[in-house]
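Undergrad: Chains as they are written, first to last, in UniProt numbering: chain H, 1 to 154; chain A, 1 to 154; chain F, 1 to 154; chain R, 1 to 154; chain S, 1 to 154; chain X, 1 to 154; chain V, 1 to 154; chain L, 1 to 154.
Hint data in this document are derived by calculation from the structure and do not stem from the laboratory.
For every residue, glycine included, the Cβ atom is placed at its ideal position computed from N, Cα and C.
Keep in mind that the hints are not guaranteed to be accurate.
Claimed, not checked - Far from chain X, by Cβ distances over 12 Å, these chain S residues were calculated:
1. Glu12
2. Glu42
3. Cys47
4. Pro58
5. Phe59
6. Thr73
7. Arg74
8. Asp79
9. Asp89
10. Lys90
11. Tyr91
12. Lys92
13. Gly107
14. Glu117
15. Ala121
16. Asp144
To be verified - Not everything, but these chain S residues come out facing chain A in the computed CB check (under 7 Å):
17. Gln20
18. Ser23
19. Thr35
20. Ala49
21. Leu52
22. Trp60
23. Glu137
24. Leu151
25. Val153
Here are the chains, one letter per residue:
There are 8 protein chains.
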Amino acid sequence: MSKVWQVYLSGEIHTDWREQIESMTKAKNLPVHFTHPVTNHENSDNCGATILGNEDKPFWFDHKGGKVNAIRTRTLMRDADIVVVRFGDKYKQWNAAFDAGYAAALGKSLIILHAPEHRHALKEVDAAALAVAEKPEQIVQILDYVITGSLPVK
Amino acid sequence: MSKVWQVYLSGEIHTDWREQIESMTKAKNLPVHFTHPVTNHENSDNCGATILGNEDKPFWFDHKGGKVNAIRTRTLMRDADIVVVRFGDKYKQWNAAFDAGYAAALGKSLIILHAPEHRHALKEVDAAALAVAEKPEQIVQILDYVITGSLPVK
Amino acid sequence: MSKVWQVYLSGEIHTDWREQIESMTKAKNLPVHFTHPVTNHENSDNCGATILGNEDKPFWFDHKGGKVNAIRTRTLMRDADIVVVRFGDKYKQWNAAFDAGYAAALGKSLIILHAPEHRHALKEVDAAALAVAEKPEQIVQILDYVITGSLPVK
Amino acid sequence: MSKVWQVYLSGEIHTDWREQIESMTKAKNLPVHFTHPVTNHENSDNCGATILGNEDKPFWFDHKGGKVNAIRTRTLMRDADIVVVRFGDKYKQWNAAFDAGYAAALGKSLIILHAPEHRHALKEVDAAALAVAEKPEQIVQILDYVITGSLPVK
Amino acid sequence: MSKVWQVYLSGEIHTDWREQIESMTKAKNLPVHFTHPVTNHENSDNCGATILGNEDKPFWFDHKGGKVNAIRTRTLMRDADIVVVRFGDKYKQWNAAFDAGYAAALGKSLIILHAPEHRHALKEVDAAALAVAEKPEQIVQILDYVITGSLPVK
Amino acid sequence: MSKVWQVYLSGEIHTDWREQIESMTKAKNLPVHFTHPVTNHENSDNCGATILGNEDKPFWFDHKGGKVNAIRTRTLMRDADIVVVRFGDKYKQWNAAFDAGYAAALGKSLIILHAPEHRHALKEVDAAALAVAEKPEQIVQILDYVITGSLPVK
Amino acid sequence: MSKVWQVYLSGEIHTDWREQIESMTKAKNLPVHFTHPVTNHENSDNCGATILGNEDKPFWFDHKGGKVNAIRTRTLMRDADIVVVRFGDKYKQWNAAFDAGYAAALGKSLIILHAPEHRHALKEVDAAALAVAEKPEQIVQILDYVITGSLPVK
Amino acid sequence: MSKVWQVYLSGEIHTDWREQIESMTKAKNLPVHFTHPVTNHENSDNCGATILGNEDKPFWFDHKGGKVNAIRTRTLMRDADIVVVRFGDKYKQWNAAFDAGYAAALGKSLIILHAPEHRHALKEVDAAALAVAEKPEQIVQILDYVITGSLPVK
């Protein structure tokens, strides 16, 4: 029975890069199980206060949410063989970089996905990665190669 | 194949909070496998002496039992993704707090469940938790959110 | 150069058991460095809010304090060879039991110090310990034996 | 012989927050050894190419530098008892967030230092911290409390 | 889906204690998977030389065998939740005691099975165990209790 | 349900030793799942540049490939119970020796397969192994013995 | 400043092998700090009951002692770079073999010292060792070589 | 008190690269403690047989030596912050590559030193390194930068 690779897709939640990776992977029939943080931005912000009680101070409102999200994200990163972190064009994305550091310290295989213009700002993060890619299809090509040994035909 | 989350329910054994959590989780069809200490109080007290031989001194009677229980509790906590610890209204419940410390040191996601009046006495324990709840349904809501990303409709 | 043993004294803060242990150890000239949580109860309660800003809600007031205390306690427990946890007569003392669990999971040599009447309530905690004592002088005798091999003359 | 606490000061390198913390700590005579990344921005950018040979492609120029810096930063973070990460007002600061994640996964005591306006963007990072402060003097007050048990007089 | 407990049965290979435990466990329908060293004494002695080439010197003959056996025993002990070690009446049985130490250092739940007359010689080994039993049926009773919470009816 | 042993076959990729081991293991019906690096030499060399973009400098061309290969090899070695490393007659084979060191530090059961003439050059590597064999059928005999206890009939 | 090697001398306590090793090491001026279990047999037997209170049942008398001894032995083994275990001619010496297994699982460099006639009984233990010696002076020669690179002149 | 960096210099033993690095480091007054394998080739080959008894079979002669050397090399690598591995022009140097893999799995900062012509053969090894250098002075420049932040003046 072949191994099912556990791949955690961290970072940017405003484009459909995860769906692209998942559908291309499915099309290739690769044995991969993808996991990711909650990508519904509103739920991700509100989860702590909605479940555990509202807070007047925004800090504690966010704190409760940040911790509830950590239950999911840290568990799934610990389960992962590979952690892919995508940095997008907007927002601070400090939680993406946090995840990259967390995964690196756990010894996970780290892949970073970002546009070339973020090269300099991400140099310490990229330095911890086993691959730095620009497009979702490269992630799928890496998975295909890593699992089956096949490379895309040029 | 989706992950089955391993959730250990530690602590108070005199109310039906575990059954509540388990039945609500089942109603939502969430992929969770619950484990817990032996909740039959009498068996939990007598297990060591019943199996391994009676003891005159109460200390050794209890010691044998405490250790046999540890075979179960430590194994299941090590297997767990999430450890929920409930503090009730009665008894010292030092084994509940011990479990919380044990789970924290193992890096487990810790959730503490207790009534507001224990806030101050539990401040060091709560400080190690990723969520502090008051009611069993909140545990189920956390599990639902953590696994599916859904929040309760207000 | 002889090893200096690191011994963390956790738990009850309302009697002078730490001072007793420390002075008897000093009298025997044993190479032990003792550490302990902050034992000024008021400071221990107020540290978070005093330094990081006051909170209206008691939960967050306590939460900030619990976490600042954890910076000290977890660091010193990780540094320790031996963790001694004393359970006294008053209060819930859940943080003492939490420390015992934390130390046990880190594989520290655990010694529990308590009056006989807490035997049953502490059975799971005692089961994780390498010694269960009733009086501070027994802790010093253990340290003396463990370090020098000497036993008290009867 | 008292413990010398190892404190790593990560993050923003364009203000004198490190010097402030170090001089206030020295004034209080606290047994702390501070470490930090190379804070000479130009050297930090150029180190890889200067030592190991120049690169035409900016990506590899940066990559060499990012890795040489990692020799220092990861070693010192592993040595640390406490990792303080400061987020400033400018730049992406992804390496600061990476360090926070790295330290969190190693189980270090994490303290985050940032202005209130970054609260929301840092919520996942703050959720992993044992203290969130706004000003350098608070870091020194935490160190003072954690090491000596003293709180600032109000 | 219920957990299948992994139980490694180490030690004495000249009586049928393993078969007794396995058949009683099966009769109770407990979800346990038992593993053990190779119990064919002759094969266990000869495995190294038979496969990897004969040796004139008895030391190397034995050395090759000891190492090939370690491939099995260390892997299965690492997989185990519980390690049971039985000391019999004959032979030095140093490999049994070695296994007990190995399992203890890995943090496995250790159960020791021996006749009362070996009490004193095994005191350091017993001190690392969570249960000390005399008869195979006690092992099965422990497994039953640990897995289902049931105790034998008196 | 019997354990499926995970065996990683590292090293030389120019002869059919893996196929021999796999087919003999299959003939014996042993529960083993074999994994290995990508053995298509050309793909193994080109994977980085093909997927992540070409490089003018051979060092970076190779570097990208070496890292993409590491995603596969380190994950599979971490999953393995046993790591077999074969040294052949040609090439430097430093990656084979690297894998042996990597596996040894992870505590894997290491088996080295090489011709007698490499004895001296491999002495430090062999010293870390639990078996040193010369022929693929010996690997299968070890697996058979380790899993079933059977030895080849002489 | 040169490293002081930590060497734990476990096992047989009825001959002067430790003194021999220590005096020869001192004569060579090697930077070694030796540690060992309590070698006063009577104290080692009585320590638990003398300090923590007498026991009627021999099992608990021994149990208390075994655990108090473990505070010393496990701490010192964890501190050690090298663990030497000597098997003598008398007694069961199961605690020696337990220590060898404990040290092996911690990844310590293990050296076994025994007379040739115990070869077969110790084959699994020897298989985990980096050296198997017969005489105390060989231990000192190993330490000399390992620390300074010098070999005895033949 | 400033940290003394522990740097292990592994690999090629037939040129004076270690002496060059050590003397340049001393000239710069950097707080570095260097360690290395035994570099007396003859002693390194003979250590096992000389101390532990001669062997007729070359395999066991070498095996004893390889293991005695491992006592030194694995201890010192575990102590190291940085492991530098140099590949020279002659011999198989499999033990150098083994050390690189061992250090990588322990999470050490790895620096590889080799001439450009070994680029392709070392690509998997280089891929695990934080720096790849060609000359001893570059190692010293890295140490200088990593410890003091200074770069060589161009």
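Undergrad: Hint by hint, say whether it matches the structure.
TA: Structure-based check of all given hints:
{"no.": "1", "hint": "Glu12", "result": "holds (17 Å)"}
{"no.": "2", "hint": "Glu42", "result": "violated (9 Å)"}
{"no.": "3", "hint": "Cys47", "result": "violated (5 Å)"}
{"no.": "4", "hint": "Pro58", "result": "holds (19 Å)"}
{"no.": "5", "hint": "Phe59", "result": "holds (16 Å)"}
{"no.": "6", "hint": "Thr73", "result": "violated (9 Å)"}
{"no.": "7", "hint": "Arg74", "result": "violated (7 Å)"}
{"no.": "8", "hint": "Asp79", "result": "violated (7 Å)"}
{"no.": "9", "hint": "Asp89", "result": "holds (24 Å)"}
{"no.": "10", "hint": "Lys90", "result": "holds (21 Å)"}
{"no.": "11", "hint": "Tyr91", "result": "holds (19 Å)"}
{"no.": "12", "hint": "Lys92", "result": "holds (22 Å)"}
{"no.": "13", "hint": "Gly107", "result": "holds (14 Å)"}
{"no.": "14", "hint": "Glu117", "result": "holds (31 Å)"}
{"no.": "15", "hint": "Ala121", "result": "holds (29 Å)"}
{"no.": "16", "hint": "Asp144", "result": "holds (20 Å)"}
{"no.": "17", "hint": "Gln20", "result": "violated (16 Å)"}
{"no.": "18", "hint": "Ser23", "result": "violated (19 Å)"}
{"no.": "19", "hint": "Thr35", "result": "violated (16 Å)"}
{"no.": "20", "hint": "Ala49", "result": "violated (38 Å)"}
{"no.": "21", "hint": "Leu52", "result": "violated (36 Å)"}
{"no.": "22", "hint": "Trp60", "result": "violated (39 Å)"}
{"no.": "23", "hint": "Glu137", "result": "violated (9 Å)"}
{"no.": "24", "hint": "Leu151", "result": "holds (5 Å)"}
{"no.": "25", "hint": "Val153", "result": "violated (10 Å)"}
In the structure shown, a violation is registered for the earlier hints numbered 2, 3, 6, 7, 8, 17, 18, 19, 20, 21, 22, 23, 25, in ascending order.
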